[in-house]
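Chemist: For reference, the chains in residue letters:
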Amino acid sequence: MLQKTFYFFVKVAVLFLLGLNVRRKELLPSEGPAIVVANHNSHLDTMVLMALMPLSKLKGIKPVAAADYFFSSPLKAWFSENVLGIIPVERGGEDKTIDPLEGCYQALSEGKVLVLFPEGSRGEPEQMTDLKKGVSFLSERFPEAPVVPVFTHGLGKALPKGSFLLVPFFCDIFIGEPITWDGDRTQFMNALKDRFSKLSAEKNFAPWE
Amino acid sequence: MTLDTIHWALIGIWGLLALASVIVYVISKRSEKNMTELVQRTQSWWVMVAIFTVAFLVSNTISIIVFALISFLALKEFFSMIPTRRADRRVLFWVYLSIPIQYFWVYDSYYGMFAVFIPVYMFLFLPFASLLSQQTDGFLRSVGTLNWGLMLCVFSISHAAFLLIMPATSGNSAGGAGLLLFLIFLTQFNDVAQYTWGKMFGKRKIIPGVSPNKTWEGFLGGVGTTFVLALLVAPLVTPFDMIHAAAAGLLIPVAGFVGDVTVSALKRDLGVKDTGSLIPGHGGIMDRIDSLTFTAPLFFHFTRYFYY
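Protein sequence lines correspond, in order, to chains V and R.
Position in the first sequence (from 1) plus 35 gives the number in the numbering used here.
Residue 14 in the numbering used here sits at position 30 of the second sequence, and the numbers go up by one each step.
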């Protein structure tokens, strides 16, 4: 209920303040198990991807985010878990006996849709960095779950890392054809990278320096 | 409730739209070619006319808010389209903030401030706000582009809203609402007329380096049609005598054409086809109001000079 109300207001704000230009929305999975992977530029990324999903499906959609950031205080942790619906992942964990992706495996086995950002960090706005391999482990364990690439542009302009002032821009959301696990980690990661570079070349974006 | 001339004018617009829709329907059934865009365009017209009618009938304040929202969407489109600097995020924010302020002057009928707020105060303030970031690389380009966008999307369009609050005069019971209806209807009708004439009879290109689809036949046909319509409609909703109606009937289609090709030049420079994808079949909101950015201020001052 709390989550629905929160994301309802997020939806309204996203549509009014930003305005989205979504290509191939029908490729976005709303039923799990499935994995949505997006490039990461801004805190708005999660909000926008969640806003694209129907409110009634939100319970089954889980953004995956860094535990050290989103679960750093009890209040943040409560908000992240109950309102945003986040699954925490330990970055660079010391304890090798615990698999950092355990929470993700469990969610996928429960038939949830995971939303994750394989760049790992928001980094410099509107610049893509190398993709982390975590997603390939998920896909290997759940080969039946489609991996849907989503390329976003403009959110890093609207709210880049380190800024609290939201400046309205129209944002592009390009959704690509899903890829599936084919037995090889490198091949899988290359296919994903390739998909992203194709999506990002679909439009000439206005320069932003 | 009695029906004023303004209501009859609105009914006329709905009738015209219904007629146009029937024609488009017949053409799309008969034609072999793909008519999706034309059908989408017509559907979008229904939505736009509906929004406009509701705002118009409810109150002036709602109409002013609708124009402020149009400015906001147009400006957002402009900023998303042009190269911007990260250092100017704060400056962009100030530009956005000028929209409610400018439309407040309209609401407040404060003409003096309305006329100078953007071209004087914002003009002086924006470069100052920009230099605070102390990044001079691209300073000139940034200040120039932001100012132009602000003038086009906010200052120009706000003149349409200011027409609305012009009082009724002895020669014109419809008042500002009638003038606004006259401006919007003729501007948009002229766009459609120039397009239709061009599609049907277009041969000689008028300005191929900017807009390869525009022709002399489309331009002159549109101007002629709009001119005749202006003479017919002016006695109903404006205080104009025949001379002034004729002048307005030329001013609107010619200025509308110039506005249209100006935005075309901008799009060509940026290498985009449409300014956005907000209005199905039309493109972005700037694609729809490009003519209005020129007709609104010119028609406003024309009317104000001769009748107020």
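Some clues are possibly wrong.
What the hints assert, rightly or not - In silico DSBU-like links for lysine-lysine, alpha-carbon gap of 30 Å or less:
#	chain 1	residue 1	chain 2	residue 2
1	V	Lys39	V	Lys92
2	R	Lys17	V	Lys60
3	V	Lys238	R	Lys183
4	R	Lys257	V	Lys46
To be clear, the hints were calculated from the coordinates, so they are not data collected in a lab.
Chemist: Going straight from one Cα to the other, do R/Lys17 and V/Lys60 come out at no more than 30 Å?
Modeler: Distance ~27 Å between R/Lys17 and V/Lys60 Cα, so the pair holds.
Chemist: Does the structure keep V/Lys39 and V/Lys92 at a Cα separation of 30 Å or less?
Modeler: This hinted pair holds, its Cα atoms lying about 10 Å apart.
Chemist: Are V/Lys238 and R/Lys183 close enough, with their CA atoms no more than 30 Å apart?
Modeler: holds, 29 Å
Chemist: Given the proposed pairing of R/Lys257 with V/Lys46, does the C-alpha separation stay at or below 30 Å?
Modeler: holds, 28 Å
Checked against the numbered hints above, the structure violates none of them.
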